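**Q** Sequence:
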Amino acid sequence: MKQLTFLLILFSIFSCNENSRSKSANFVSLTTSNDLQKELEENPHKKYIKYNFKILAFTNSTVVDGTGNGIKYNQTIIIEDGVFSAIGNGDEIKIPKNAEIIDLKGKTVVPGIVGMHNHLHIPGFPDVGDISAKLYLASGITTIQTCGAASPYKELELSKNIAKGNQIGPDIIPSAPFITGVGGNPNMIIPRNETHLRDTIQHWLNQGVKWFKVYRNISPDDLKTVIDEAHKNNAKVRGHLCSVTFEEASKWGIDGIEHGLNSTSDFRTNKEFGVCGGGRKYMDEIIIDSKEVKELHKLMIDNKVVLTSTLSIYEASIPNRAYADERTLQAMSPYLKNQYAERRKTFDEQLNDLTRNNSLKRIMQFEYQYFKMGGLLCSGVDAGRHVLPGYGDQRNYELHIETGFSTEEAIQIMTSNGAKALERSDIGTIQVGKRADLVIFDGNLKENSTVIKKVETVFKNGVGNDSEKILLKKKNKFGVE
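Read in my numbering, the sequence shown has 410 at position 353, and its numbers run on one by one without any break.
Keep in mind that the hints are not guaranteed to be accurate.
Claimed, not checked - Here are the simulated PhoX-like pairs of lysine-lysine, each with C-alpha atoms no more than 25 Å apart in a straight line:
1) Lys477 x Lys267
2) Lys348 x Lys328
3) Lys211 x Lys532
4) Lys418 x Lys503
5) Lys429 x Lys361
6) Lys103 x Lys531
7) Lys103 x Lys510
8) Lys530 x Lys510
9) Lys361 x Lys281
10) Lys526 x Lys221
11) Lys361 x Lys338
12) Lys351 x Lys418
13) Lys355 x Lys338
14) Lys394 x Lys531
15) Lys129 x Lys510
16) Lys510 x Lys526
17) Lys530 x Lys511
18) Lys526 x Lys217
19) Lys477 x Lys289
20) Lys129 x Lys151
21) Lys402 x Lys534
22) Lys534 x Lys211
23) Lys308 x Lys355
24) Lys289 x Lys308
25) Lys355 x Lys328
26) Lys129 x Lys530
27) Lys530 x Lys104
28) Lys394 x Lys530
29) Lys532 x Lys104
30) Lys526 x Lys111
31) Lys221 x Lys104
32) Lys477 x Lys281
33) Lys103 x Lys429
34) Lys418 x Lys510
35) Lys162 x Lys111
36) Lys217 x Lys103
37) Lys348 x Lys418
Stated by the list, open to error - Pairwise CB distance ranges, derived in the manner of DEER restraints:
38) Lys351 x Arg255: 34 to 44 Å
39) Lys338 x Glu525: 45 to 55 Å
40) Asn415 x Thr326: 17 to 27 Å
No lab work stands behind these hints: they were computed from the structure. Computed from a predicted structure; not experimentally measured. Here a beta-carbon is modelled for each residue, glycine too, at the ideal position from N, C-alpha and C.
All chains should be built: construct the whole structure from the sequences, respecting the hints.
**A** Structure follows, in structure tokens:
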């Protein structure tokens, strides 16, 4: 039985697309069955590898390259040693004679997705890092910034293990623990004084962390201190704000702001300086193209603030939209499924309440206007409720299309804009010289936005991972591990 299992694994790894031609000298792997069996025993994650060739050629590709430019058809893409070496019309690109050729007729290719609000925890589970990493990668996300850590040491360890090739997952750009203020979540850092705050930041800088997240109750003085200490050490600061307005944070030098209109306290009634409070009637009344909103956007853009969209988690709070699809239910643990069922009972009694539907429309308009005015808009899942890592990122794409973005713009928001925010020039687009991170979808993404869920293969550093194989191992496990 063990021998049969091994032979099946061996066949799976060496089998190629029936339309491709295999060159054994080009295959980057071990050559003997004994060596391969030992390799799989020591590195079981390698069973998910679908393609691992020194030179790859994709033909007949439909390419959304992440730049925001128009979709290109019938493209040939050459990957050599994990880097894009040539891209162009099929009749213009010479395919190296020793390349492994993969015909992508009927498929859509996009850059690896860059998730900019992609936690490795969810409410009630401070560490779901390993399974989240697999869900992210299988869904097409090849790089994440975690935007606040609940288990920071485990996050750092996972990041290093993936970088070393010991585990599969996206590149993880880790965060320090959340920093809040008096009255905030006691599981977060609540500074005792300025010295304590600066010492804490230095501790995490010494661990290799370069991203800090401030939370709703941060005091104005503490936010200024976090920004000062981070920037002195070439680190970045992001905020889920409330006590501090977007205007104040932008003027003080914050690098990124999360969630958009829903966390904007600038327009609250009876808002006190430095206090998370005041009325939220603006969510029902504000006119997005008004002078006051446009002036706020211009201020943020002038101060180079990155705005990160998290539409899918907001949608999960809307009674007539908060539905889990079948694949999500298959992935969730019995405990999370039960929680979802209980929420649905409540939601089913509120289906005629359209308050949050209208708020969602304003949130979308806020983000659309920011992008169109020249602001850097990114995207992330902020997993929770029934919104799972990776799956929620894909849902974000559909919601970006609903917002009014074109296919090209939505992919730009989810790929190259994230790379720009991370100051990563090696990822985010399908261009010569960039790292070969890309996602292959089965279908025409331009014609049908649900194709974003039909992931076939996810390439990271030029190595193709089988999405379906990864997901088959995760049934009923999210919210357990």
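**Q** List in ascending order the numbers of the hints, as given earlier, that are violated by the structure.
**A** Hints 11, 26, 33 contradicted; others consistent.
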